[in-house]
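Whenever a hint applies, use it, and build me the whole structure from the sequences.
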Amino acid sequence: MEAIQKHAGKVFPLNRTNVDTDQIIPKQFLKRVERTGFGQFLFYHWRFDDDGNQRSDFILNQNAYADASILLGGENFGCGSSREHAPWALLDYGFRVIIAPSFADIFYNNALKNGIIPVQMDEEQVSEWMKQAEESSLYLQVDLENQQIVDDERTVPFSIDNYHKEKLLNGWDDIALTLHHEAKITAFEGR
Amino acid sequence: MGKPETIIEKIWNKHVVHDEEGKPSLMYIDLHLVHEVTSPQAFEGLRLTDRKVRRPDLTYATMDHNVPTKNRDVIKDEISVKQMETLKKNCLDFGITLADMYHPDQGIVHVIGPELGLTQPGKTIVCGDSHTSTHGAFGSLAFGIGTSEVEHVLATQTLWQEKPKTLNVHVEGDLGPGVTAKDLILAIIGKYGVRFGTGYVIEYTGDAIRELSMEGRMTVCNMSIEAGARAGLISPDEKTVEFLRGRAHVPEGEQFEELAEEWLDIATDEGAVYDQTVTIKAAEVEPQVTWGTNPGMCVPVNGSTPSADDVEHKEDLERALAYMGLEENQPITSIEIDHVFIGSCTNSRLGDLKKAASVIQGRKVNPKVRAIVVPGSFKVKWQAEKEGLDLIFKEAGFEWREAGCSMCLAMNDDIVPPGGRCASTSNRNFEGRQGNGARTHLVSPEMATVAAIEGHFVDVRQYAGALQ
Numbered sequence: 001m002e003a004i005q006k007h008a009g010k011v012f013p014l015n016r017t018n019v020d021t022d023q024i025i026p027k028q029f030l031k032r033v034e035r036t037g038f039g040q041f042l043f044y045h046w047r048f049d050d051d052g053n054q055r056s057d058f059i060l061n062q063n064a065y066a067d068a069s070i071l072l073g074g075e076n077f078g079c080g081s082s083r084e085h086a087p088w089a090l091l092d093y094g095f096r097v098i099i100a101p102s103f104a105d106i107f108y109n110n111a112l113k114n115g116i117i118p119v120q121m122d123e124e125q126v127s128e129w130m131k132q133a134e135e136s137s138l139y140l141q142v143d144l145e146n147q148q149i150v151d152d153e154r155t156v157p158f159s160i161d162n163y164h165k166e167k168l169l170n171g172w173d174d175i176a177l178t179l180h181h182e183a184k185i186t187a188f189e190g191r
Numbered sequence: 001m002g003k004p005e006t007i008i009e010k011i012w013n014k015h016v017v018h019d020e021e022g023k024p025s026l027m028y029i030d031l032h033l034v035h036e037v038t039s040p041q042a043f044e045g046l047r048l049t050d051r052k053v054r055r056p057d058l059t060y061a062t063m064d065h066n067v068p069t070k071n072r073d074v075i076k077d078e079i080s081v082k083q084m085e086t087l088k089k090n091c092l093d094f095g096i097t098l099a100d101m102y103h104p105d106q107g108i109v110h111v112i113g114p115e116l117g118l119t120q121p122g123k124t125i126v127c128g129d130s131h132t133s134t135h136g137a138f139g140s141l142a143f144g145i146g147t148s149e150v151e152h153v154l155a156t157q158t159l160w161q162e163k164p165k166t167l168n169v170h171v172e173g174d175l176g177p178g179v180t181a182k183d184l185i186l187a188i189i190g191k192y193g194v195r196f197g198t199g200y201v202i203e204y205t206g207d208a209i210r211e212l213s214m215e216g217r218m219t220v221c222n223m224s225i226e227a228g229a230r231a232g233l234i235s236p237d238e239k240t241v242e243f244l245r246g247r248a249h250v251p252e253g254e255q256f257e258e259l260a261e262e263w264l265d266i267a268t269d270e271g272a273v274y275d276q277t278v279t280i281k282a283a284e285v286e287p288q289v290t291w292g293t294n295p296g297m298c299v300p301v302n303g304s305t306p307s308a309d310d311v312e313h314k315e316d317l318e319r320a321l322a323y324m325g326l327e328e329n330q331p332i333t334s335i336e337i338d339h340v341f342i343g344s345c346t347n348s349r350l351g352d353l354k355k356a357a358s359v360i361q362g363r364k365v366n367p368k369v370r371a372i373v374v375p376g377s378f379k380v381k382w383q384a385e386k387e388g389l390d391l392i393f394k395e396a397g398f399e400w401r402e403a404g405c406s407m408c409l410a411m412n413d414d415i416v417p418p419g420g421r422c423a424s425t426s427n428r429n430f431e432g433r434q435g436n437g438a439r440t441h442l443v444s445p446e447m448a449t450v451a452a453i454e455g456h457f458v459d460v461r462q463y464a465g466a467l468q
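Chain order of the listed sequences is A and B. Counting in the UniProt record's numbering, the first sequence runs from 1 upward without gaps. Counting in the UniProt record's numbering, the second sequence runs from 1 upward without gaps.
Since the hints were made in silico from the structure, they are not lab data. It is possible that some hints are incorrect.
Unchecked claim - Restricting the straight-line Cα-Cα distance to at most 25 Å, the calculated cross-link-like pairs of lysine to aspartate or glutamate (DMTMM-like) are: (1) B:K52 / A:E189; (2) A:K184 / B:E162; (3) B:K89 / A:D122; (4) A:K167 / B:D19; (5) B:K163 / B:E328; (6) A:K167 / B:D269.
Right, here's the structure in full:
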C-alpha cells in the first residue's frame, strides 16, 4: 500500500449516521476480480438515478465538492458488510482521509490496510466542520506524524494507535512483517 | 484454580502466537472459510508476491453469493461466471478444497461450516464475510475480515488482532410462544442500537439462550455484527456436542468424547467478569418487524413506526421513512408486502423451514405476493425434500429453490424490483440491499410466512394454528 504522512484537501460532508458499506459500494459492483476501478461506482445509488443520471440532491454531485479528498461522516461509518471494496472505491475515487465520530470495526481495519487514514474525532468538532463544509467550503490539513488536523483557525489533535500509525506512515506490507515471526508460527503449529 | 475466565479470554489465550507490549497480538486461525466474492484479489496478491497458501488443510471454500438458485446452468451475468471460475482456478492452483455449486456439500458458507463439523468450539474462525459471527453459536471465536486480511490468513494462517473487550448479553427467563431467536436478536439490536457492540465480542448467556436450539443460537450470533460486534458467541454445552456428533469433519468414538470434554471446558467459568453486561427479559420480547433502513430500526409487530419526537436524529428517521414509503406513527400491521424471502445465513436451516412449513401447510400464499424459499445448503434442501417440505411450500404457492445467498443481497437474479416490499428472514434492511429501490422488512420465518398468507404483517401469535 501507498505510504501516507500528510494530506491536505477539500472536505466532502456526508451528514448521515450509520452509512453502511452497501451504500458505499452496492453489491452489483462486487463481481470484479481486481482491486481497482471501483471509484466510478462509489455511493452509486445516491449519486445516480435509475437511468444513470446524476442526482442533483446528492451533495457529492455538486461542483463545489468535485475535487474533495477528505470525507467527513457521521457515527458508525462503514457499518455492515465486510467488503473491502468499500475502501477500494473511496480510494479510487480520490479519498485519502475519512473523519467520523466513530467507525465500524471491520471498515476501520480495511481502511488502514489501504492507506486511508481513518480519523476518529469527537462529535462536536465533526458537527462544526460539517456545518462549515456544507455552508461554504472547508479545507483541512491532516498531519498523521504529529496527529493533528489544521483548519483555518486552529490545530486539532487526534488519536490513533501507534502501531496503525507506523504502518500508514511507512506503507508497510503486513504479510512481510508477519513473516518475520514465521518461526513462532511454525512452533505454534507444532504444539 | 486460577481466576475465572470468560470463553472469549480462554480462546484468545490459546491462540496467541506472538505478543508485544503496545501492539496487537498475532493470533493463530484454526479455520478459514472462503467464498467467491471477497477472495479473488487476495489470491491475486499471493501470485504477485509469489506466496503460497500456508495451510490449505485449514482452508475451505464454497460458492454461495453469486450462484443461481433456479437453474444452476443458467447464469446471465458473465462477470458472475468469471468470479466463480476464478475461485475454482484459485482453489485448484493453491490446493484448497472447494464445494462448488454442483457439490453435495455446497451451501451458504455459514450454513455448511457447522453442517460439516468444520465449525467447532474453541476454534478461531475467519471468513471474508461479516456474518462469520454465526459460527460463534458453537463457542468459537469467529469474525468477518476484509480481503487484505483474507490474503494475510492465506499466507500466514494468522491475523494481528487487538484483544477485544467482552460484553455479556444476558437473556433471563423464557421466550414466549411464537417468539423466536430472530425476534430476540432484533429486539436486542432495536433496544441498544446498531453500534453498541463496536469494539466488543458479545457472549450471549442466560436461560433463554440455553433453551434455544443450535439453529436458534446461530440466528442470534449471526446478527451480532448488526449490533456492531465483529463476533458473538455462546458457551458450548451438551446441545453443542450432540449437534456435532457424527459430522463429517469431527472424529469418531473415544476421540470424539475426548474432544467433547475439551469443548465443554472452554465454556465461561462461573464468576468470570465481563467488561460490560446488559440484561434482557425474554418474556418481554415480542415478534419484531423492522420498519427502516438498518436492523436497529425495529418494533414489535403490534407497534407503529416512530414519530419525529421519539428519535435522536430526525433526519435519519425522515430519510428512512421516505425510502421505505412509510409515514410516522404507521401501524406495522397496515404495511402491505408483495415479496417474501425465506432464506439467508440467518434463517435458512432445516428448523427454520420446518417452522415456516408448519404455518403454511393447508394455506395459500396471497395471490399478490411472490414468495420464495431458498434452503441454506444442498443438505438442508435434500433433508427438507425427504420430509416433504418442498411439496408443502410448492402446494401453497412458494417457489422452491437451490441453495445460496440469493435474495438476501440479490447478487444473482433473485431481486426485489424497485419499490417492491419484502418480508425477509435475512439480516440487513439497508437501502437497496435486496435490489435497487427495494424495501426490506426483517422478520422471523414464522412472521414471514403469515405475511405471505395475509399480504401484510400479522402477529403470528394471533394466527390460528401457527403456534406449535
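Status of each hint after checking the structure:
1. B:K52 / A:E189: 17 Å, holds
2. A:K184 / B:E162: 19 Å, holds
3. B:K89 / A:D122: 47 Å, violated
4. A:K167 / B:D19: Answer holds: K167 of chain A to D19 of chain B is near 17 Å, not above 25 Å.
5. B:K163 / B:E328: Between K163 of chain B and E328 of chain B the Cα gap is close to 42 Å, so the pair fails against 25 Å, i.e. violated.
6. A:K167 / B:D269: Violated - the C-alpha atoms of D269 of chain B and K167 of chain A are around 38 Å apart, more than 25 Å.
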